[in-house]
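Respectively, the protein sequence lines represent chains A and B. Following my numbering, the numbering of the first sequence begins with 1 at its first residue and continues without gaps. Following my numbering, the numbering of the second sequence begins with 1001 at its first residue and continues without gaps.
Don't take each hint at face value.
[What the hints assert, rightly or not] Pairs of lysine-lysine, DSS-like flavour, derived with a Cα cap of 25 Å:
| hint | chain 1 | residue 1 | chain 2 | residue 2 |
| --- | --- | --- | --- | --- |
| 1 | A | K155 | B | K1105 |
| 2 | A | K30 | A | K74 |
| 3 | A | K208 | A | K38 |
| 4 | A | K176 | B | K1172 |
| 5 | A | K224 | A | K30 |
| 6 | B | K1105 | A | K153 |
| 7 | A | K224 | A | K38 |
| 8 | A | K38 | A | K155 |
| 9 | A | K281 | A | K256 |
Worth flagging that the hints you see were computed from the coordinates, not collected in a lab.
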Amino acid sequence: MSNQAKTSDTPFRQASAEYNFGFLDEYAKKEIRRSVLKAIAIPGYQVPYSSREMPMGRGFGTGGLQLTLSLIGKQDTLKVIDQGSDDSVNAVNLRSFIEMTCPGIDTTTKVAEANLIQSRHRIPEQALREDQVLVLQVPYPDALVVVEPSEDKRKIMHGEADYSRLLVKLYEDIVKFDEITISHRYPTRINRHYVIDSSPIPRWDVPKMNDSKALILLGAGREKKIYAVPPYTLAEPLEFDDVPFRVEGFNDETGKRRTCHRCGCDHSFLDEFIDARSGEKLYQCSDSDYCDEQLKSLSVNQSLEG
Amino acid sequence: MSNEKVLEVRNLSKVYGKGCAKCFESTGPEHNTNICPHCGSIVAAHDISFDLYKGEILGIMGESGSGKSTAVKNLFFDEMPTSGQATFFDDGKQYDLFSLNAQQKRHLRNHRFGMVYQNPVLGLNFNVSAGGNIAERLLMSNLTNYSEIRERAIELLHRTEVLTERMDEMPKNFSGGMQQRVQIAKALATNPPLLFLDEVTTGLDLSVQAAILDLIMEIQRENKTAMIAVTHDLGVIRLLAGRTIVMKYGRIIETGLTDQILEDPQDAYTQRLVASAL
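One chain only, chain A, in its complex shape:
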């Protein structure tokens, strides 16, 4: 992605040259990096940090943005995802802000080319590598907040790995609805101790955290917390022995797996939307880059066959 050609045209772009590389000052970056190290050392533990004011509202990904800005260097290639797509408003704005304040970095939409990926809602379909870091934006870092309003008590509960009340919530779900109704932010136990809120990723993406090759960092700007799922670490969604965790199903009424209407993929997380002209329900890969890649390899195959 290098539509960065027309710089130095707006006053803001000019002004941004006055800022330090990465917008944050070096002390702020250092503090965040130190918190990141602690988060990696204690997998799943929420490390408090002094979330800075960013030139955007808290809740728009400032936690992830601060992580990205303090990790990125000139040699890095960045990909920004929002709702699985590189082209949604939030992703575009975050990306151009980072391009503006970190002159010299590369950006891309391809997972394979990026070594730093900031995302909201999705972990890319394509498996990540050891040399990649995934930064997730988190609105609510503490999984226990649904059962315990006091942060003081939650800290003690985390310390003692006391998650029975969270499991009671799952129990009540099964009693009422015959299954666990948490669709995203699924509570996930890291390295057999701390339970994290897995940020608003769908259940589909939770298994990707387990034994991940890439480092996964989670940042909550408003709640001022950083936590991590280090590479090759256990990440187990909470479940009962006889009611196991399951990911979203994409079968139609006849039990057949729905496919992406664009690339025909039958193994990705699908978004449902209504076609504006025909009023029909359509299904499409949520991960737009993955969809493009599939489409490309499809056409290559066809041209080879043809």
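Given chain A's structure and the hints, the job is docking chain B onto it.
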């Protein structure tokens, strides 16, 4: 009754306030107060010592503010004592209760102790169903199989005579007696060898009281659970307790077999207490 000791309490004291050197000598029954005249601290309990054996129900009797609930709350880790020792004997192991760390305390509380409070609001989580309340305790003790949890909850509610069809209802829809039964079922969930009963029948009507007391005695007979029953109701003491402790202003003023205490009280206060009730 066996000779197997379950609990040994020695010199337990609890002072609310900053306390001073003269607190203990200037409070107690002989001074008719538990507020220290020198520093204003409240000596809620002082020098409490007793033993509890397997399958035994020990009654603690006394008027409001005599320190009987304080003693039990300290043993259940709801509060920490100012001084004193308590040893819990379990499966050949000994636990010095007041020197355990938070996690060990929580483990004992969840696995080996049960508590039934006077007010079900303290013992039950009113935001989850009756079954969920029992499940919570089972989940605390690391049972992670949904259908096993379900079965065990049904078994316990059946045992405490709560209609199992109502197990998925919220406790707030239940009558006071039913709530108390759910609380007992929750306390019993892990088959604890030690059960604390803090005024369990106070505030319930007479027929419900009788049924709850029956249930408690049944549990004692069948599970050989040791219990400490705190109450100001002489009827409950007479029915349940084999031995009784009488407390006043934070001190033990008389201990002995329940029959002895009720038929031939030695202390003037106990005499008055028994006379007024009979």
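Hint check results:
For the proposed pair K155/A and K1105/B, the alpha carbon gap of about 17 Å is at most 25 Å, so the pair holds. Restraint check for K30/A and K74/A: satisfied, since their Cα atoms lie roughly 17 Å apart, inside the 25 Å limit. Of the supplied pair hints, the one linking K208/A and K38/A holds, its CA atoms being roughly 22 Å apart against a limit of 25 Å. Taken as a hint, the K176/A and K1172/B pair is honoured in the structure, with Cα atoms around 17 Å apart against an allowance of 25 Å.
Our distance criterion of 25 Å between C-alpha atoms is met by K224/A and K30/A, whose separation comes to about 16 Å. Distance check on the hinted pair: K1105/B and K153/A sit about 16 Å apart at the alpha-carbon level, within 25 Å; holds. Between K224/A and K38/A the alpha-carbon distance is near 14 Å, which keeps this suggested pair within the 25 Å criterion. For the proposed pair K38/A and K155/A, the alpha carbon gap of about 16 Å is at most 25 Å, so the pair holds.
A hinted pair counts as satisfied when its Cα atoms are at most 25 Å apart, and K281/A with K256/A qualifies at roughly 16 Å.
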